[in-house]
Structure formats: C-alpha cells, structure tokens
Amino acid sequence: MSDILVDIQHLTFKRGDRVIYDDMSMQFQRGKVTAIMGPSGIGKTTLLRLIGGQLKPEQGKILINGQDIPTLNRKDLYKARQKMGMLFQSGALFSDMSVYDNVAFPIREHTRLPEEIIRLMVLMKLEAVGLRGARDLMPAELSGGMARRAALARAIALDPQLIMYDEPFAGQDPISMGVIVRLIRSLNNALGLTSVVVSHDVNEVMSIADYVYVVAEQKVIGQGTPDELRAHPSALVQQFLQGQSDGPVPFHFKAASYSAELMELAK
Amino acid sequence: MIVDKLQQLGQHSIAKIQGMGRATLMLFGALVAWPTPRKSFPLLLKQLYVVGVLSLLIILVSGLFIGMVLALQGYTVLSKFGAEQMLGPLVALSLLRELGPVVTALLFAGRAGSALTAEIGLMKATEQLSGMEMMAVDPLRRIIAPRFWAGVISMPLLALIFTAVGILGGHLVGVDWLGVDGGGYWSAMQANVDFQQDILNGVIKSVVFALIVTWIALHKGFDAVPTSEGISQATTQTVVTSSLAVLGFDFILTAVMFGG
Ligand SMILES: Nc1ncnc2c1ncn2[C@@H]1O[C@H](COP(=O)(O)OP(=O)(O)O)[C@@H](O)[C@H]1O
Ligand SMILES: [Mg+2]
Numbered sequence: 046m047s048d049i050l051v052d053i054q055h056l057t058f059k060r061g062d063r064v065i066y067d068d069m070s071m072q073f074q075r076g077k078v079t080a081i082m083g084p085s086g087i088g089k090t091t092l093l094r095l096i097g098g099q100l101k102p103e104q105g106k107i108l109i110n111g112q113d114i115p116t117l118n119r120k121d122l123y124k125a126r127q128k129m130g131m132l133f134q135s136g137a138l139f140s141d142m143s144v145y146d147n148v149a150f151p152i153r154e155h156t157r158l159p160e161e162i163i164r165l166m167v168l169m170k171l172e173a174v175g176l177r178g179a180r181d182l183m184p185a186e187l188s189g190g191m192a193r194r195a196a197l198a199r200a201i202a203l204d205p206q207l208i209m210y211d212e213p214f215a216g217q218d219p220i221s222m223g224v225i226v227r228l229i230r231s232l233n234n235a236l237g238l239t240s241v242v243v244s245h246d247v248n249e250v251m252s253i254a255d256y257v258y259v260v261a262e263q264k265v266i267g268q269g270t271p272d273e274l275r276a277h278p279s280a281l282v283q284q285f286l287q288g289q290s291d292g293p294v295p296f297h298f299k300a301a302s303y304s305a306e307l308m309e310l311a312k
Numbered sequence: 127m128i129v130d131k132l133q134q135l136g137q138h139s140i141a142k143i144q145g146m147g148r149a150t151l152m153l154f155g156a157l158v159a160w161p162t163p164r165k166s167f168p169l170l171l172k173q174l175y176v177v178g179v180l181s182l183l184i185i186l187v188s189g190l191f192i193g194m195v196l197a198l199q200g201y202t203v204l205s206k207f208g209a210e211q212m213l214g215p216l217v218a219l220s221l222l223r224e225l226g227p228v229v230t231a232l233l234f235a236g237r238a239g240s241a242l243t244a245e246i247g248l249m250k251a252t253e254q255l256s257g258m259e260m261m262a263v264d265p266l267r268r269i270i271a272p273r274f275w276a277g278v279i280s281m282p283l284l285a286l287i288f289t290a291v292g293i294l295g296g297h298l299v300g301v302d303w304l305g306v307d308g309g310g311y312w313s314a315m316q317a318n319v320d321f322q323q324d325i326l327n328g329v330i331k332s333v334v335f336a337l338i339v340t341w342i343a344l345h346k347g348f349d350a351v352p353t354s355e356g357i358s359q360a361t362t363q364t365v366v367t368s369s370l371a372v373l374g375f376d377f378i379l380t381a382v383m384f385g386g
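Residue numbers (my numbering), protein chains in the order written: chain A, 46 to 312; chain B, 127 to 386.
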C-alpha cells in the first residue's frame, strides 16, 4: 500500500474564463493531517469538490487509492464517496431531521444493519464529538460550533478513509475553535483517518497539520511541515503566514486602476 | 441596435432551451432508477402527506364555494328558460371537464408547488444537496423522485375531491336554497354525464397538469440561484410559470378532447 492516499497531478480547472487552478500538483499522505491554506476565494472549496467528484477538472488526475476520480462512472464514484467524509462550511445538516437521525442517515442509506446496531454506532460517534446529550435536538436548536461537530459525527459515521474539512475554524468562538482543533487531531489518530483541512486560519492550521500547502495565484506557492514553512524564503508565503494585508498578494480583487476608473466616471 | 436586440433574443432563447434541457435531465435522473420499495415507500408516504393531505383543506373549501357559485349563476340563467332541472348537469360538467382539474392545479401550484420550490432551493443554498451527494446518496432519487410521484398521485385525487365537493355545494345552493327538485338534480346529472367523455377526460387533464406543475416546481427549486433572492424569485416563477402552463395546456387538451 502506497503512503499516498490522494495524489493530485497537474490539475487545471476553470470557472468560465477564470482559471482557478493551473497545472497544480499535491499529495496527501495516509494517516496524516494535511492542510491547504490560502486567501479567501482562491478555490479551496472548489478543490474539495474536485476531490469529491462534484466538479470535473479541465485537465489532470485526481487519484485516490490509485483510482482517477474524474474518470469514474457514476456507480464507482458513489462507491468511492462512501470512503470519504466531507465537512461543509455550513455543516449542511438536514434541517428536517434530529441530530441523531442526521448521524444515522448515511448508515441507514448504505447498510442494512438493524436499528440497535445503528443506535450503538450513532451514539459512539456522537460521544466522540461530545454531543451524545444533544441527540434529540433539531439542527436549528444547535449553536454554530455544535452544528459543525454534529456534521462531523455524520461525516465519520461510516468510518471513511479520508475526511475533508472546509474552513472548520471559520466563525467559531475561541472555545469551540479549540474543541475542533483537538477533535481533528484526535479523530485522525484514533480512527486512522487521513485528514485534509482547508483553511485561512494560520495559527490553528499550523498547530495541527503534519504538512501544509500554501495556495495562491492558481498554484502551490509553498509547502512543507509547519516548521519548514515558517522558515520559507518566499515573500508571498511569509506575507500570508504573518497576515500582512498587502504585499506580493494584492489586497484588491483584480481591477482596472482606480484613478483611471474615476477619470472615466468624471467624463 | 437591431443586431443587439436580435442577439439578446437569441441569448434569451438559448438560455430558455438550456433550462428546459436541464429540467429534462433532472427528471430523467430522478426517475430512471429502479425504485427500492423498502426505502422509497416511506419517503413517498411522507411526501403524499406533505403535498397531498396538507392541501386538502384549501381544496375542500374552494371546491365547495365554486360549486355554490356555479349553482347560483347557473340557476339565474337556466330559470329564464325554465330549464332549472338542467342545473345538475351544468354544475357537474363544468366541474368535471374544466374547473375541477384547472382550479385544483392552480391552487396546487400556489399551495404545494411554491412550498416544494422553496424547500428544495433552501436545501441547495444550505449545501444539504451537496452534502447528500458527498455521502454517496443521489439527491435526485432521494429528494426529487418521491416529491414528484407524490405530486403526480395526489393532484388528480385532489381534483376529484374538488369536483365531488363542488357538486355537493351546487346541491346545497340549487336544491336546498333555491328549491330545484332534488331527485331531478341527481337524475339529470346521471343521464348527461358520460364516463369516458367527461370523467375520464377530466382525470387525464388533471394527470397532465400534475406532471407539469410538479415538474416545474421541482426544477425551479433545484435550479434556483442559492441565495435568498434567488429562492424568492424561483418560488414566484414556479407559481407564474406553472399557472400559465396549466392554462395553455388546458386549451390544447380541451381542443383535442371536446373540440372536434
Ligand atoms: N458556482 C460557481 N460558479 C461560478 N464561480 C464560482 C462558483 N463557486 C465559486 N466560484 C468562484 O470560484 C472561486 C473559488 O471559490 P471557492 O472555492 O469557494 O473559494 P474559497 O473556498 O477558497 O474561498 C471564487 O472566486 C468564486 O468566485
Ligand atoms: Mg470556501
């Protein structure tokens, strides 16, 4: 078995005319937490959707366990997805089901286990995220942090190989942030998962990731362990890590020069 | 100038046709799968309740009032010619052939269609559909298919209920209030209503309307721009588009069934 679970090779992806990724490659090691960092709007969510097969790249391969995801037919793609868990930014809990039923949903859909066993599995996952007591609540009754943890319990319900977190820290108070940071690490170790964390929260990511990719301008601009990155020579990488608002990465979305536009309006 | 307008028109038409293509693909994706009764049946039952049973009240009340109005209007005209005994057939035929299927479809579009669109649009906006897809469950089969069948099954039944209640409403006004002969109301109706010509054609109409309204509602939700504005637009479009489509198809079907 190779050490690499996900192997992205020469990926090119466009939205209309806009190039999101241009010939980008990265690898995720089995059993490790790999983080992908980059400013908002760079295409981090898009990357997770590409890995999950919800979007198809223009060019390049996305190999998971040696299977090229974009070329799979529907049936094989759905099989492959059963081995992935994805935690959406919003949690994406089904609003018409209780927390318990949300976590039971993938188990009921993909297995024919009797209810008692399902119950056991669901309670185990809820215990792992600390929400066993919240099983009867509806998603609308949960706080943001709790919703994300409930969604996490659902994402690991079928013990996937790979779990992808989309901005797990965004919009969390410091306490639930700490809870989620610890959860990602401990679940990764306890369940033997391979985790991918997509985020722009530098400190949290640097504290849990085994390996980090920094993405900007359609490609990987820096990679390495957190320590290697801190010593990275590139000005771009340093700007991002230190959170300076302007530098090689411009603060402004690409636009015509401001003065030119004002002159245009004055005419 | 003219070229611009033509170009706009062309773009508009292409967008419309693309939309219809997407709608067809959606329906196809939802319906090709062989149903698995163990899973599909409970889902269908739930939707029959949400889409059908919850629409019952508005159908009952509207049916009653439309039947009463028909009898009242019909009586004033018929009595001028001394033909009050034809009130039964008048009420029954208007309801069976036209008002039952059409008004039910319009009410259904407003009551259940808009709700379907909003529900599915919101599911899309909150990533519930994407989430389901990532859990290897096809939202077309899990979400769209049971709602589609629930709409297609319940609307013809609602139209029949609407018609039955309307006929009772006609009786209430015509016989109990205005004093038309009760036995005549029923026997003239029985003599003048033909099973195939009137009842079957009415049912066919409402099946067609059910397909149209449910399909439009589901597609508008599934295709909605996933923002609050997008969902509100999609909901409005569902009601407007499906109402117009129902009226248009009603004319065509009427011409085919009763025109020659
Ligand atoms: N459905 C879509 N249609 C067109 N463009 C999109 C769509 N979703 C995202 N984009 C564009 O793709 C870019 C990357 O989006 P995303 O992956 O969500 O970024 P991130 O998650 O890094 O903030 C964004 O700039 C956005 O404008
Ligand atoms: Mg994102």
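Treat the hints loosely; a few may be bogus.
What the hints assert, rightly or not - Computed list of lysine-lysine pairs in DSS-like fashion (alpha-carbon distance at most 27 Å, straight line):
id : chain 1 : residue 1 : chain 2 : residue 2
1  : A       : LYS124    : A       : LYS106
2  : A       : LYS101    : A       : LYS312
3  : A       : LYS106    : A       : LYS128
4  : A       : LYS106    : A       : LYS59
5  : A       : LYS120    : B       : LYS131
6  : A       : LYS59     : B       : LYS142
7  : A       : LYS101    : B       : LYS142
8  : A       : LYS101    : A       : LYS77
9  : A       : LYS128    : B       : LYS165
10 : A       : LYS106    : A       : LYS312
11 : A       : LYS101    : A       : LYS124
12 : A       : LYS124    : B       : LYS142
13 : A       : LYS120    : A       : LYS59
14 : A       : LYS59     : A       : LYS101
15 : A       : LYS77     : A       : LYS264
Calculated from the structure, these hints are not laboratory results.
Here is what the structure says about each hint:
1. This hinted pair checks out: A/LYS124 and A/LYS106 have alpha carbons roughly 18 Å apart, not beyond 27 Å.
2. Between the alpha carbons of A/LYS101 and A/LYS312 the distance comes to roughly 45 Å, so the proposed pair goes past 27 Å and is violated.
3. Between A/LYS106 and A/LYS128 the alpha-carbon distance is near 19 Å, which keeps this suggested pair within the 27 Å criterion.
4. Proximity of A/LYS106 to A/LYS59 is assessed by CA-CA distance (about 15 Å); at most 27 Å being required, the pair is judged to hold.
5. For the hint pairing A/LYS120 with B/LYS131, the CA-to-CA distance comes to about 45 Å; that exceeds 27 Å, so the pair is violated.
6. Using a Cα cut-off of 27 Å, the hinted pair A/LYS59 and B/LYS142 holds, with the two alpha carbons roughly 24 Å apart.
7. Taking the CA atoms of A/LYS101 and B/LYS142, the gap is about 25 Å. The hint holds against a cut of 27 Å.
8. For the hint pairing A/LYS101 with A/LYS77, the CA-to-CA distance comes to about 26 Å; that is within 27 Å, so the pair holds.
9. Between A/LYS128 and B/LYS165 the CA atoms are separated by roughly 22 Å; this keeps the pair inside 27 Å, and the hint holds.
10. Restraint check for A/LYS106 and A/LYS312: the C-alpha separation of about 50 Å exceeds 27 Å, so the hint is violated.
11. For the given pair, A/LYS101 sits about 17 Å from A/LYS124 by alpha-carbon distance, which is consistent with the 27 Å threshold.
12. Annotation: proposed proximity of A/LYS124 to B/LYS142 is violated, straight-line Cα distance about 35 Å (limit 27 Å).
13. With a C-alpha separation of about 26 Å, the suggested pair A/LYS120 and A/LYS59 falls inside the 27 Å cut-off, and the hint holds.
14. As the CA atoms of A/LYS59 and A/LYS101 are separated by approximately 10 Å, the hinted pair is consistent with the 27 Å bound.
15. Restraint check for A/LYS77 and A/LYS264: the C-alpha separation of about 22 Å stays at or below 27 Å, so the hint holds.
Of the numbered hints given earlier, the model fails hints 2, 5, 10, 12; all others are met.
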